[in-house]
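Take a look at the letters that make up each chain.
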Amino acid sequence: DVKVTQSSRYLVKRTGEKVFLECVQDMDHENMFWYRQDPGLGLRLIYFSYDVKMKEKGDIPEGYSVSREKKERFSLILESASTNQTSMYLCASRTPGGLSYNEQFFGPGTRLTVL
Amino acid sequence: GEDVEQSLFLSVREGDSSVINCTYTDSSSTYLYWYKQEPGAGLQLLTYIFSNMDMKQDQRLTVLLNKKDKHLSLRIADTQTGDSAIYFCAESNNNNDMRFGAGTRLTVKP
Numbered sequence: 016d017v018k019v020t021q022s023s024r025y026l027v028k029r030t031g032e033k034v035f036l037e038c039v040q041d042m043d044h045e046n047m048f049w050y051r052q053d054p055g056l057g058l059r060l061i062y063f064s065y066d067v068k069m070k071e072k073g074d075i076p077e078g079y080s081v082s083r084e085k086k087e088r089f090s091l092i093l094e095s096a097s098t099n100q101t102s103m104y105l106c107a108s109r110t111p112g113g114l115s116y117n118e119q120f121f122g123p124g125t126r127l128t129v130l
Numbered sequence: 061g062e063d064v065e066q067s068l069f070l071s072v073r074e075g076d077s078s079v080i081n082c083t084y085t086d087s088s089s090t091y092l093y094w095y096k097q098e099p100g101a102g103l104q105l106l107t108y109i110f111s112n113m114d115m116k117q118d119q120r121l122t123v124l125l126n127k128k129d130k131h132l133s134l135r136i137a138d139t140q141t142g143d144s145a146i147y148f149c150a151e152s153n154n155n156n157d158m159r160f161g162a163g164t165r166l167t168v169k170p
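Sequence order for the protein chains is A and B. Our numbering numbers the first residue of the first sequence as 16 and each following residue consecutively. Our numbering numbers the first residue of the second sequence as 61 and each following residue consecutively.
Hints are computed from structural coordinates only; laboratory data are not their basis. Computed from a predicted structure; not experimentally measured. Any given hint might turn out to be false.
[Said to hold, decoys possible] Below, computed lysine-lysine pairings styled on DSBU-like, alpha-carbon distance capped at 35 Å:
id, chain 1, residue 1, chain 2, residue 2
1, A, 86, A, 68
2, B, 128, B, 116
3, B, 128, A, 33
4, A, 28, A, 18
5, A, 70, B, 96
6, B, 96, A, 72
7, A, 72, A, 28
8, B, 127, A, 18
Make the full structure from the sequences, and use the hints.
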């Protein structure tokens with residue numbers, strides 16, 4: 016059974032704190048993604064990585080950074096958390112698709128509240 | 061930029077059919093997807109359709125694609141309370157970019 020796990024289901028942090036969200040996949044997927052999910056806005060792509068040590072900005076990278084030191088692990092970092100980063104964060108992974116169908120596998124999400 | 065749009069809410073009675081609609085703007089879309097998100101969980105792929113098809117059926121699910129109008133729909137026959145969830149429409153193109161809609165919250169009333 017394929018699996019994407021995220022380090023925490025719920026997290027509460029204070030404004031200005033440094034926050035690490037961890038994601039691990041056991042499917043040997045090259046591509047990994049971080050999204051945030053907000054009501055009425057759906058999923059918005061923050062950062063993605065095509066392979067180890069590679070990273071690309073998504074649609075809303077401001078205030079975030081990422082780290083991919085190992086193939087199975089993709090970390091999202093909030094250098095200085097702000098209240099507008101309160102959201103549900105979803106990690107996903109997939110095999111590279113090219114012209115063929117490819118499915119993204121999602122983790123259960125981390126609900127982050129910044130006070 | 062390219063966009064995927066869907067209505068935010070749909071409410072049906074148990075046993076009725078549900079139809080969730082989606083429109084997209086990317087004319088180079090290659091695959092279109094429906095994902096389901098149950099409460100407190102991540103997204104799970106429900107079904108997908110290749111852009112050169114106009115219909116796909118899988119048990120209670122029927123996907124219709126009108127490529128000319130860039131309109132995708134998901135029909136759930138005999139909707140059950142267990143179908144209550146948020147349904148996301150998504151599309152991907154040759155560049156492997158994937159875009160999601162805002163999600164439609166389906167509520168099934170007994």
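Hint check results:
Taken as a hint, the residue 86(A) and residue 68(A) pair is honoured in the structure, with Cα atoms around 9 Å apart against an allowance of 35 Å. For the given pair, residue 128(B) sits about 17 Å from residue 116(B) by alpha-carbon distance, which is consistent with the 35 Å threshold. Our distance criterion of 35 Å between C-alpha atoms is broken by residue 128(B) and residue 33(A), whose separation comes to about 47 Å. Between the alpha carbons of residue 28(A) and residue 18(A) the distance comes to roughly 27 Å, so the proposed pair stays at or under 35 Å and holds.
Between residue 70(A) and residue 96(B) the alpha-carbon distance is near 27 Å, which keeps this suggested pair within the 35 Å criterion. For the hint linking residue 96(B) to residue 72(A), the alpha-carbon distance of about 26 Å falls within 35 Å, and the restraint holds. Distance restraint check for residue 72(A) and residue 28(A): the Cα-Cα separation of roughly 24 Å lies within the 35 Å cut-off, and the hinted pair is therefore satisfied. Of the supplied pair hints, the one linking residue 127(B) and residue 18(A) holds, its CA atoms being roughly 33 Å apart against a limit of 35 Å.
Of the numbered hints listed earlier, the single one contradicted by the structure is hint 3.
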